[in-house]
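The lines below spell out each chain.
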Amino acid sequence: MTGARRISEAELHAFVDGELAPKERAEVEALLAAAPEGLRSVRGLTELNERLARRYAHVLEEPIPARLAALTAKPRVRARLSPAWARAAALVALLVAAAAAGYLVRDFRGGNGGPQPAFVASALSAHQVFVPEVRHPVEVGAGEEKHLVQWLTRRLGTEVRAPELSAEGWKLMGGRLLPDRGQAAAQFMYEDASGRRLTLYVRKEAGLTDAAFRFVERGDFGAFYWIDRSLAYALAGRLDRGELMRLATSIHAQLGGVGSG
Amino acid sequence: MTSRREAVAAEIPRLRRYARALVGDSSEADDLIQDTLERALARLEQWRDGHNPRKWLFSILHNLHVDGLRQKSRRPPHVGLDSLGPDQSAPAADGASGSDLDRALQQLTADQREVVLLVGLEGLSYAETAEVLSIPMGTVMSRLARGRDRLRGLLALGLENEAEPAGLRRVK
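Chains A and B are the protein sequences, given in the same order.
Be aware that the first sequence starts at 105, since it is given in this note's numbering, and climbs by one per residue.
Be aware that the second sequence starts at 974, since it is given in this note's numbering, and climbs by one per residue.
Please keep in mind that the hints were generated in silico from the structure rather than gathered at the bench.
As the structure is a computational prediction, the values presented were derived from the model and not from experiment.
Don't take each hint at face value.
Sample of chain A residues with no beta-carbon within 12 angstroms of chain B, all distances over it, derived [said to hold, decoys possible]:
#1 LYS127
#2 LEU135
#3 GLY148
#4 PRO236
#5 ARG258
#6 GLU272
#7 LEU312
#8 ARG322
Here are a few chain A residues that face chain B, going by a calculated C-beta distance under 10 angstroms [to be verified]:
#9 GLU113
#10 GLY122
#11 ALA125
#12 ARG155
#13 LEU164
#14 GLU165
A virtual CB, placed ideally from N, CA and C, is assigned to each residue, including glycine.
The following block holds chain A by itself, in its conformation from the complex (with noise of 0.2 angstroms):
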């Protein structure tokens, strides 16, 4: 009777960009399904922002220049305060924060904090890369949660988790593996039920010492690091940073008694 009906070019662009409504998605899910053309021009679409985003990430891990950043310093409120007051209030206002959360911040170095690990420009891009992924948003999917981590466990040489959020609102989708400077790195992903995702990135970090949470800002999005025996961690999110630091405990906490030291 009905033949299967062809997909439109208008609708594979819809559905590569998420712009589908959920049935109008099945139904297109359903159609590719039996259209390998159509999967071709898929991959093609995803490929080709894939490729956009890995071009110009680097862009968002760049310094702002002084003049662009001058422009939206505070205007002359800067001039009364004495940047060591204003550096003095900020650290009252983070240990105030710290303290609240119950953590003790170590190795604090100023406003912005000191230097930088390097997992967490990697945590930021893959968070980036992968956070948007309509198709492929994770490698192996919750579904599969055991073998998942036993896979990831096994190529980090380190016990890893994928902490419990669901009682916070956030569902595992499940995660992949990545390559970081030449180790291997795991990524978990959650979402919660307004479509929000949540990523939380893990690697072995053999050479630093336990570090505290940090934030960091990154565009739209943060992220809070921290080190905990040996393994790095970053979560980020679009989320606000109240919430994050609270997730961001909740898997501390988890996570606390993993990990061979």
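Fit chain B to the known structure of chain A by using the hints.
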């Protein structure tokens, strides 16, 4: 007012990324961002507090970009296909494929390039893109399809030397 300034400042990295891809040249891109920020800061009261200023900033950037194109009546720099080869010098970290992508983007019309980048690089929805560019959604979709087709065609031509099998990620 300070929080508005901070909200604008927080968007600078994204604006710079978009502008870099849009105009291809980094100092020209930062000039565009400087103009965008100046105009935005002079009109801070134009967006309501509590809302993300991104769309607003992108539309300011768009208007300035279009004005700039008009003023200089500058066409996208024409690059012959024969110069798309990987022998062109490129930033080392990005390799030849990066510069191919830069050049291919510059061969799109400015209209197509904006849509391809706002949706594909910046992750704006079609509706947001339509709003930023002040065009109907249907126009967003047709420019997107044409722009991506053209881009893929150009890349396919310039890429004989780039072996990047699907599924393999390049490790920087």
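So A/LEU312 supposedly isn't at the interface. Is its beta-carbon more than 12 angstroms from every beta-carbon in chain B? Holds, since 21 angstroms exceeds 12 angstroms.
Would the stated hint for A/LEU164 survive a check requiring a Cβ distance to chain B of less than 10 angstroms? With Cβ-Cβ at 5 angstroms, under 10 angstroms, it holds.
With a cut-off of 10 angstroms, does the beta carbon of A/ALA125 approach a beta carbon of chain B closely enough for the hint to hold? Given a least distance of 13 angstroms, the restraint on A/ALA125 is violated.
Do the numbers back the hint for A/ARG155, that is, is its least Cβ distance to chain B under 10 angstroms? holds, 6 angstroms
Was A/GLU272 rightly flagged as not at the interface, with every chain B Cβ beyond 12 angstroms? holds, 23 angstroms
For A/ARG322, is the shortest beta carbon distance to chain B beyond 12 angstroms? violated, 7 angstroms
So, A/GLU113 near chain B? Judge it on the closest CB pair being under 10 angstroms. holds, 6 angstroms
For A/LYS127, is the shortest beta carbon distance to chain B beyond 12 angstroms? holds, 18 angstroms
Please check whether A/GLY122 passes as an interface residue: C-beta within 10 angstroms of a C-beta belonging to chain B. holds, 8 angstroms
Non-interface claim for A/LEU135: all C-beta distances to chain B beyond 12 angstroms? Non-interface label stands for A/LEU135: nearest chain B Cβ at 18 angstroms, farther than 12 angstroms.
Interface hint compliance - A/GLU165 to chain B, C-beta minimum distance less than 10 angstroms: Hint on A/GLU165: holds, closest Cβ of chain B at ~8 angstroms, below 10 angstroms.
Cβ separation check - A/PRO236 to all of chain B, threshold 12 angstroms: violated, 5 angstroms
Hints 3, 4, 8 and 11 from the list above are not met by this structure, while the remaining hints are.
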